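*Asks:* Next come the chains, spelled out residue by residue.
2 protein chains.
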Amino acid sequence: MGGDFGPHAILPASLFALERHPYLTILLIGEIEQLESLLAARRVTDSVRSRLKILPSGQSVSMDDKPSSAIRHRQDSSMSLAVKAVAENQADACVSAGNTGALMAFGRLVLRMLPGIDRPAIIASVPTLSGHCYMLDLGANVDCSAEHLLQFAIMSSVMVEAVDNNAGPTVGLLNVGEEAIKGNEQVRLANKLLCEQPGLNYIGYVEGNDVFAGKADIVVCDGFVGNVTLKSSEGLARLISNRVRQSFSRTLYRRCLALLARPVLKEMQAQMDPSRLNGATLLGLQGIVMKSHGSADQKCFGYALDRAIAEVLQNVPDKISERLSGYLPSVGD
Amino acid sequence: MGGDFGPHAILPASLFALERHPYLTILLIGEIEQLESLLAARRVTDSVRSRLKILPSGQSVSMDDKPSSAIRHRQDSSMSLAVKAVAENQADACVSAGNTGALMAFGRLVLRMLPGIDRPAIIASVPTLSGHCYMLDLGANVDCSAEHLLQFAIMSSVMVEAVDNNAGPTVGLLNVGEEAIKGNEQVRLANKLLCEQPGLNYIGYVEGNDVFAGKADIVVCDGFVGNVTLKSSEGLARLISNRVRQSFSRTLYRRCLALLARPVLKEMQAQMDPSRLNGATLLGLQGIVMKSHGSADQKCFGYALDRAIAEVLQNVPDKISERLSGYLPSVGD
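Order-wise, the sequence lines are chains A and B.
Residue numbers for the first sequence follow the numbering used here, so the first one is 1 and each next one is one higher.
Residue numbers for the second sequence follow the numbering used here, so the first one is 334 and each next one is one higher.
Rather than coming from a laboratory, the hints here were simulated on the basis of the structure.
It cannot be assumed that every hint is accurate.
Claimed, not checked - Here are the simulated DSS-like cross-link-like pairs (lysine-lysine), alpha carbons at most 27 Å apart as the crow flies:
#, chain 1, residue 1, chain 2, residue 2
1, B, K386, B, K417
2, B, K525, B, K515
3, A, K66, B, K386
4, B, K599, A, K182
5, B, K417, A, K266
Quick caveat, the model's predicted, so the values are computed rather than measured.
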C-alpha cells in the first residue's frame, strides 16, 4: 500500500515480475477490495494468477507516521504483515515503497538484527563511469560511530560479493580529502579500524567526486552524508534533465533536431533517471527487506522486486551472518 | 602560483579581467621570471599594462602542504603575500587557486576573524532550476556546532543580500528529512537557534534534492556534508556529460546528429560544467579572500575574479560586521 502510487504501481509491477520469473510467487498484502478490483481489470495468465496470493491488511502506515507510532498503532498494516511474513518464513523477502523509518522499525522489531550488528544500514547502487557502485548508509543512521562504519563495510562487502559475483569488492570510506589528517574524528577512527580489518579490500578514503567516478565498489559513510549525497544527486540529475529539455526547445531548428534525436534524448533521460537503480536493501536484518523509492512507478518498482529476488537467490543475510562470525570476534559471545 | 595551471591560467585571466573592468588594478604575486616571460609573449594594451603590477614571491605553497606547515615555512609564498596585501590595504581582495587549507590558515592568521565569528566558512553558488543558490560550509569545518551553523546563516544572509541584491534571502538548514524529529543533534539544535534568530528569513529544513531545486537562496550545512555534496555533484555532472557524449557517438546517424546539434550540445556541456560558477568565498574573515577551483582554466579563473570584484564593490566584510553587531549580542563584549 506504500509509496505515491500504492497498488496502482505495485500490482502491475508484481504481475510483470511473475511473468518474467516463472518460479516466483508473490504475496500481495493490502486492502483486499482495491487489490481485487485492480486485478480484475487486467488480463492475467493462469500461471501468473496461480502464483499471486493476496492477503488483507488493516490501516496502512502513512508517510508521516513516526516509526514509534507505526509500531504501536499499525501492527496489522500491509508493511507490518509483510515483514512478519518474512519472519514466519511465508516469504523470502519483503519489498515496500512505504515509510522508510517505519519499515526499518518493523524490520528491527520483527526480524531482529544479525548477531554482531548494532544497526541496520540502507544500501543502494548508484551509477558510475564504469558501471555502478554501492553506497551505504543512505539514511538509517544520522550519527554513526567508527564501529558502525566498520560493520557497514563488512556487511556490504559480503552482499556485493554475493549479488554482483564480485570477489573482494573494493571499499572506500567517504571523506572530505584523501589525506589522513582530514575528516572528522569518527571517520579517522573508522579508517584505522578498516585498515586493521582482515578480509576487507579497503582502499582508503574516497571523496565526493570519486563516488560517481567508480573509484570504489562500495562507498561507506554515515546516514546523514549518504542521504544528502543521494538526494542531491537526484536533484542535480533532474536539473540537468530539465536544462537539456530547455536547450532543445529554444528555437524551431532545435525543436526539429530534438525530434530527430528523440531516441538518443530518451536514452539520455532514462540514464539520468535516478529511479533506474531503484531498490535499497535494509542491510543487517535477519531477513531480506527491500525499500523501493516512494515515487516508484510500475517499471521502477519492478527493479526493486528484481533486486530482492537476486538477494534471495544469493541468500545474502545467511552469507553475511556466516562471514560475520569470522570477522567480528564478539559474535556469539 | 596555485592551481593546476598556475600563471598559465591566472595571467591571461587577469589580463582579460583588466580589459573588462577599466577601473580594476591587479597585483600578480609569483615567480617574477615566469610571469614576465608569459607577459612578454602577449599583446597587451598600455591601459591594461599600466594597471597590472607584478610582485615577486618565494617558494609556493604546494597542494600537499599541511596548513600548519605552510604557515611556518611559506611566509613569503605568493599565497601568503597575497593575503598580506589585503591586510595591509594594498589590495581589496585576494584570489587564489591554491591549497584551500593553507589559504584558510593564512586568512585566519593574517586577516583575523570578524568579531563574533568563530570560524570561517567556504561559500559558493550552485545552479538551481530557478537560477542559483548559495551553499556553505563547503569544507572549512568538518565538525560544526549549532552556533557555528547559526553564524554561517547570518554571514551568508548579509553576503547574498549584498552581492545578489536580494533583500531577505531565504535560508534552509540541510537535513535528511523535513520532520523536526529527524537529523542529528547539532542540526536539531541549530534549527532551534535559527528559528529564534531575528532578522533571518529562515525557512526550516531542506533536503538534498531541494538544493538544486532552488528551495532556498542559502543552504547551511557543516563542511563535511557540504564538501561531499559539492564534489559528488561535480562527479555526477561529469558522469552525465560523459554519457551524453557516448549516446551521441554510438552510430553514424547519431554522430551526424551530434554535428547538427553541436551548438546545443556545447551549451549543455557548458551548463553541466561545475566550473562555471567558480569562486568560493572564505566568509568570516576581516577581508575578502576568494578561492578558485584548483582545476580552473583561464575562463574559469575569470569567474572567480569577477566574484571578488563584486564583493569588493559591495563591501561585503564591512556589511557583515555591521549586521553582526545587531545580530549577535556577544559581539564587542
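*Asks:* Does each hint fit the structure? Answer for all of them.
*Replies:* Taking the hints in turn, this is what the structure says about them:
no. : hint               : verdict
1   : B:K386 with B:K417 : holds (16 Å)
2   : B:K525 with B:K515 : holds (13 Å)
3   : A:K66 with B:K386  : violated (63 Å)
4   : B:K599 with A:K182 : violated (37 Å)
5   : B:K417 with A:K266 : violated (54 Å)
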